[in-house]
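A.B. asks: The lines below spell out each chain.
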Amino acid sequence: MSVDTKTVARIAHLARLKVPEEALEPMAGELNQILDWVEQLEEVNTDNVAPMTSVVHADLPRREDKITAGDQRDDVLKNAPDAQHGFFAVPKVIE
Amino acid sequence: MTKLIDMSIATALDHLEKGTFSSRELTECYLAAIEHGGSLNAFVTATPEKALEMADAADAARKSGDAGPMCGIPLAIKDLFCTDGVKTTASSRILGEFEPAYESTVTANLWRDGAVLLGKTSLDEFAMGSSNENSYFGPVENPWRAADGASRVPGGSSGGSAAAVAANLAAGATGTDTGGSIRQPASFSGIVGMKPTYGRCSRWGTIAFASSLDQAGPLTKTVEDAAIMLGSMAGFDPMDSTSIDRPVPDYRAALTGDVKGLKIGIPKEYRLDNAPAEILNLWDQGAQWLADAGAELVDISLPHTSYALPTYYIVAPAEASSNLARYDGVRYGIREAGDDLIDMYENTRAAGFGAEVRRRILIGTYVLSAGYYDAYYLKAQKVRTLIAQDFDSAFQDVDLVLTPTAPSDAFVAGAKSNDPIEMYLNDVFTVPASLAGLPGISVPSALSDEGLPLGLQLIGRPFDEETVLRAGQVLESAAEFTHRPTEWWKENA
Numbered sequence: 001m002s003v004d005t006k007t008v009a010r011i012a013h014l015a016r017l018k019v020p021e022e023a024l025e026p027m028a029g030e031l032n033q034i035l036d037w038v039e040q041l042e043e044v045n046t047d048n049v050a051p052m053t054s055v056v057h058a059d060l061p062r063r064e065d066k067i068t069a070g071d072q073r074d075d076v077l078k079n080a081p082d083a084q085h086g087f088f089a090v091p092k093v094i095e
Numbered sequence: 001m002t003k004l005i006d007m008s009i010a011t012a013l014d015h016l017e018k019g020t021f022s023s024r025e026l027t028e029c030y031l032a033a034i035e036h037g038g039s040l041n042a043f044v045t046a047t048p049e050k051a052l053e054m055a056d057a058a059d060a061a062r063k064s065g066d067a068g069p070m071c072g073i074p075l076a077i078k079d080l081f082c083t084d085g086v087k088t089t090a091s092s093r094i095l096g097e098f099e100p101a102y103e104s105t106v107t108a109n110l111w112r113d114g115a116v117l118l119g120k121t122s123l124d125e126f127a128m129g130s131s132n133e134n135s136y137f138g139p140v141e142n143p144w145r146a147a148d149g150a151s152r153v154p155g156g157s158s159g160g161s162a163a164a165v166a167a168n169l170a171a172g173a174t175g176t177d178t179g180g181s182i183r184q185p186a187s188f189s190g191i192v193g194m195k196p197t198y199g200r201c202s203r204w205g206t207i208a209f210a211s212s213l214d215q216a217g218p219l220t221k222t223v224e225d226a227a228i229m230l231g232s233m234a235g236f237d238p239m240d241s242t243s244i245d246r247p248v249p250d251y252r253a254a255l256t257g258d259v260k261g262l263k264i265g266i267p268k269e270y271r272l273d274n275a276p277a278e279i280l281n282l283w284d285q286g287a288q289w290l291a292d293a294g295a296e297l298v299d300i301s302l303p304h305t306s307y308a309l310p311t312y313y314i315v316a317p318a319e320a321s322s323n324l325a326r327y328d329g330v331r332y333g334i335r336e337a338g339d340d341l342i343d344m345y346e347n348t349r350a351a352g353f354g355a356e357v358r359r360r361i362l363i364g365t366y367v368l369s370a371g372y373y374d375a376y377y378l379k380a381q382k383v384r385t386l387i388a389q390d391f392d393s394a395f396q397d398v399d400l401v402l403t404p405t406a407p408s409d410a411f412v413a414g415a416k417s418n419d420p421i422e423m424y425l426n427d428v429f430t431v432p433a434s435l436a437g438l439p440g441i442s443v444p445s446a447l448s449d450e451g452l453p454l455g456l457q458l459i460g461r462p463f464d465e466e467t468v469l470r471a472g473q474v475l476e477s478a479a480e481f482t483h484r485p486t487e488w489w490k491e492n493a
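Quick mapping for you: the protein sequence lines, in order, are chains R and X.
Take 1 as the starting number for the first sequence in our numbering and just add one per residue.
Take 1 as the starting number for the second sequence in our numbering and just add one per residue.
Read the hints as simulated data drawn from the structure, not as lab findings.
Beta carbons: idealized from backbone N, C-alpha and C, even for Gly.
Possibly wrong hints are sitting among the right ones.
Stated by the list, open to error - Dumping the calculated DSSO-like pairs for lysine-lysine here, alpha-carbon to alpha-carbon at most 30 Å:
1. K78/R to K490/X
2. K87/X to K490/X
3. K66/R to K18/R
4. K490/X to K3/X
5. K63/X to K50/X
6. K50/X to K3/X
7. K78/R to K92/R
8. K50/X to K78/R
9. K6/R to K416/X
10. K416/X to K490/X
11. K18/R to K87/X
12. K18/R to K416/X
13. K18/X to K63/X
14. K6/R to K18/R
15. K78/R to K66/R
To be verified - Covered, in the sense of this in silico footprint (three residues per stretch, anywhere, with C-beta under 8 Å from a C-beta of chain R), are these stretches of chain X:
16. 235-243
17. 286-294
18. 321-334
19. 355-361
20. 375-388
21. 395-403
22. 442-448
Stated by the list, open to error - Chain R side only, calculated, beta carbon under 8 Å to chain X, not exhaustive:
23. T5
24. K18
25. N79
Chain R with its partners taken away, still in its complex shape:
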């Protein structure tokens, strides 16, 4: 499997990362170098092997569905590049 510039452009858009036209080709090269290298995993027989989904064998703890740290609007907004009237502000999304 190898990626072409079209695939890089698609992935970059999925990742919400602008990659300028002229950078697509070199980026495809870099990604292919890494993908070629990780392809050695195909040598490993993983039939009947379960994927590792948790590192330490423990049940996920549960807690009551209760608000424990509410009422922090100003703290939450204080680092926003643009906050107005107690909300995060973003470029217009509805015409």
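With the hints as your guide, set chain X onto chain R.
C.D. replies: Leaving out everything else, chain X in the frame of chain R:
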């Protein structure tokens, strides 16, 4: 008396208790050292006023008999831990002037026990790198230089923390380790670095890179200091669902110096064909030191070792691409204008992330995307199971595994920057234990032919940090590593 900043945490604690000097005096010495150590570029942010305030509070606590286990000890904190009211950057441009309104659990635990914040140290951006060259704030210099005077990288990603401790700019420092980011810089910088078991330290408030791998740990001058500091950092935290609810042992009490009868595994797959002779010789020497102290050496096999790095470079970028989705120019950090909302996201992230971070986000997004998930991500998770099983079987027969920490001594800046895979290979000996979630320590053990530090790594069973530390201290005593770097950075001040 030795200079204050040369002292280990254990020695400084004794003096603070006796009243030989105060935390304020000790903190002032470190603040002066930080000022004179500017050319190392170890710190992103120094916090002298806060440090003196905390030192005074520590002195008052000690006076009133409330001294915690780290009372009055000045520390450097990797700039990946959120610190309340103190700028936190992850060495990235994208976080801008981000000032957390909360404290990470690990640092809160250290402050609870009386430690003092000197400042925030540089790292590879979002902890992605093995040389500290990937920092938005410029590379960090290793305090150690080769015999010919050429400068070296401090390793990474906790390179600022490692350089700060090695140059005596802090009594100890926090790091985080995802694939070797505590142990490899410790090896390159001639200090001790410990990654505890996954789940031992809370990840809450630590900026996430790869959540199934990230673990916090100490970088210190001695193994005893690592034991003291880890004791404060560790502990159950309901805010992290992968934090494990079990008591934190008295790690310092585990340092009995006795390894008689301990079985030390020597894995044959770590004997790489192209490894430098000095690395292999030191490994043999380390095994001999433990055998001389009464441990038993056992040849073992960890058959899937060579697949650990490619597995890691699927799993870690995949998790990173998800974790870093939050940097969208809306809630914190910088924003770059765009034609619409999506365009703003894309411009912000392109401007805010450095080259290596962008590369890993793209790889991670690709291996998680429809049609490729099974071939890459699921496959890697299955191989990860096999790598962990290798260790499980080995630990049926042995108590610890001994390996070199890194395949070389510290390299020259720029030497590996153009080849990502060449850079990734630095973590060949540290990544397997990370994938299996196991505790590991790097202990400075010798100088290379170039006059640079080399470390040895011990890996233990899950939650058996005590045995790792105990044998680590035996290695430390046998190695008698008392070398110090020439303090060239003072002349540049």
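A.B. asks: For each hint given before, does the structure comply? Return the numbers of the non-compliant ones in rising order.
C.D. replies: 1, 3, 17, 21, 22 and 23
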